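> Protein sequence lines correspond, in order, to chains E and Z. Sequential numbering from 1 applies to the first sequence in this note's numbering. Sequential numbering from 1 applies to the second sequence in this note's numbering.
Heads up, a few of these hints could be off.
[As the list claims (entries may be wrong)] Straight-line distance between alpha carbons at most 30 Å, and here's what the computed DSSO-like set of lysine-lysine pairs gives:
no., chain 1, residue 1, chain 2, residue 2
1, Z, Lys35, E, Lys35
2, E, Lys188, Z, Lys173
3, E, Lys146, E, Lys98
[Unchecked claim] Stretch-level coverage of chain Z by chain E, calculated; a stretch enters the list once three of its residues show a Cβ under 8 Å from a Cβ in chain E:
no., segment
4, 57-70
5, 171-180
6, 201-214
Keep in mind the hints are simulated off the structure, nothing from the lab. Owing to the predicted nature of the structure, the values given are computational and were not obtained by experimental measurement. Backbone N, C-alpha and C define an ideal beta-carbon position, used for all residues, glycine too.
2 protein chains.
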Amino acid sequence: MSPTAGPGEARRGRAVTACLLIIGNEILSGRTQDKNLAYIGQGLNDLGIRLTEVRVIPDVEAVIVDTLNEVRRGFDYVFTTGGIGPTHDDITADCVAKAFGLPLTVNPRARAILAAHYPAGELTEARLRMARTPEGATLIENPVSKAPGFRVENVFVMAGIPAVMQAMFESLKHSLVGGKPLRSRTVKVEMGESFVAAGLAAVQDGHPGVEIGSYPFNREGVFGTRLVLRSTEEGELAQAAAALDAMLLGLGVEGVWEEGPENAPPGRQSA
Amino acid sequence: MSPTAGPGEARRGRAVTACLLIIGNEILSGRTQDKNLAYIGQGLNDLGIRLTEVRVIPDVEAVIVDTLNEVRRGFDYVFTTGGIGPTHDDITADCVAKAFGLPLTVNPRARAILAAHYPAGELTEARLRMARTPEGATLIENPVSKAPGFRVENVFVMAGIPAVMQAMFESLKHSLVGGKPLRSRTVKVEMGESFVAAGLAAVQDGHPGVEIGSYPFNREGVFGTRLVLRSTEEGELAQAAAALDAMLLGLGVEGVWEEGPENAPPGRQSA
Chain E
1 MSPTAGPGEA RRGRAVTACL LIIGNEILSG RTQDKNLAYI GQGLNDLGIR LTEVRVIPDV
61 EAVIVDTLNE VRRGFDYVFT TGGIGPTHDD ITADCVAKAF GLPLTVNPRA RAILAAHYPA
121 GELTEARLRM ARTPEGATLI ENPVSKAPGF RVENVFVMAG IPAVMQAMFE SLKHSLVGGK
181 PLRSRTVKVE MGESFVAAGL AAVQDGHPGV EIGSYPFNRE GVFGTRLVLR STEEGELAQA
241 AAALDAMLLG LGVEGVWEEG PENAPPGRQS A
Chain Z
1 MSPTAGPGEA RRGRAVTACL LIIGNEILSG RTQDKNLAYI GQGLNDLGIR LTEVRVIPDV
61 EAVIVDTLNE VRRGFDYVFT TGGIGPTHDD ITADCVAKAF GLPLTVNPRA RAILAAHYPA
121 GELTEARLRM ARTPEGATLI ENPVSKAPGF RVENVFVMAG IPAVMQAMFE SLKHSLVGGK
181 PLRSRTVKVE MGESFVAAGL AAVQDGHPGV EIGSYPFNRE GVFGTRLVLR STEEGELAQA
241 AAALDAMLLG LGVEGVWEEG PENAPPGRQS A
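Let's have the full structure, built from the sequences with the hints guiding it.
Next comes the structure, spelled out in structure tokens:
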């Protein structure tokens, strides 16, 4: 079993895994709030790929190269965001080339895309930086601001600006091969998680093929908990949801089932 | 020079570094948006500690233990968020104990805190889980919901809920020893970064002790760029800011200096 696989995956074959590298000092300093992780995590899950690790690393060449070489061997897919613009601190393309031992050259197709985008004579040296890729890389289309991302083997290199990253992610999705998507059901209860902890552990023990998470929240003074069931198998999910609902009713609690009415166990209302 | 140190730090002595481990499937799946990274990154910087890596990892024991053992040796400080509640999927305390080869026991002080907090007879087995620490751990006070975090050597274990994490971070700050805080100045220009790229690279070359970052943004159709100067040395920062401002004026651009009026170069207005 892969150390990052969820319950039940050992007997169903290994999950397809991915790692995201968020590259940029501005994320680490707290100046910029990352908005790409959640988009990529959800998008990959829809394709049956599990985002099982994320690293945020600084704009330091040795760190980026070493991290790339570690994670591209440890995960099926690696995605990077950030560091592919026209300025001196955009060093991701250089680092990917170093990690793979490839020369970094101006990609003719990327150059043609930029030449068609800018007015005649305005494809400056700085802008031409954005046409550089490791030799042999496949481009990732960027319908928003044109300068493309690129792929080398299992590593997909994208921009950091969320609108551009999202457009690139949509462009590259067709080239990913996933397994079964992880499905989930969520029930919300208006009580702290310690009230349901013992019963929840019993439901987990009875349904080892379903991953059960408990996520407390505190909104405007109301303490509550979301209980989330996850599995690639619809049948196991339904059984665990019924068992969880019965456990809650046994505690005198009517949980509210979220994520669409089709998710409530038979005979129970959903949000 | 540490691979994660910024420019200029080699000759001033090594920077004090930190790594944050965000533990939780719900962050990786995109269900929950992390709000702790930015708070911790900024808080550490104020203390002269550089957050130089963040990893988001799943609720899987082997992954948490291995990652803890890697990063606690590679960074001066390690902070963790998530996985210290009362339910079966809260396994961070168990993992920290395993990583350090320590027994996990009910901490008498933590037990006393919880016993004083809950009504008589309501310190259930599930709640008592939150009093377990690796033997010899120092507690981190939690004024919000009482169940404490804890510290073992250079590893600080905190809750995932932002309000609780922030209270714990404020409680533990006094025990951290940092270096010089990284100071920054920011100028905003309403143009894409490719217009300033060449001039910016020249300013960077002329001020190797200052780290210069360029962060494009696109708000309501306006393309702009924030140029950020960072250094522990106030004098070098002021010189680089003056050089950057002169470069922009040479391009016919009056940048707007942000982060307080004291940051604008002499004779120039700030936001």
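> Give a verdict on every hint.
Cross-check of the supplied hints:
For a cut-off of 30 Å, the pair hint linking lysine 35/Z to lysine 35/E stands: about 11 Å separates their Cα positions. Distance hint between lysine 188/E and lysine 173/Z is unfulfilled; the C-alpha atoms sit about 34 Å from each other, more than 30 Å. Proximity of lysine 146/E to lysine 98/E is assessed by CA-CA distance (about 25 Å); at most 30 Å being required, the pair is judged to hold. With a threshold of 8 Å between beta carbons, the proposed coverage of the segment 57-70 of chain Z by chain E holds, since 7 of its residues qualify and at least three are required.
Taking a C-beta to C-beta cut-off of 8 Å, the segment 171-180 of chain Z contributes 0 residues in contact with chain E, too few for the three needed, and the coverage statement is violated. Judged by the Cβ-Cβ criterion of 8 Å, the segment 201-214 of chain Z is covered by chain E as claimed, because 6 of its residues qualify and three suffice.
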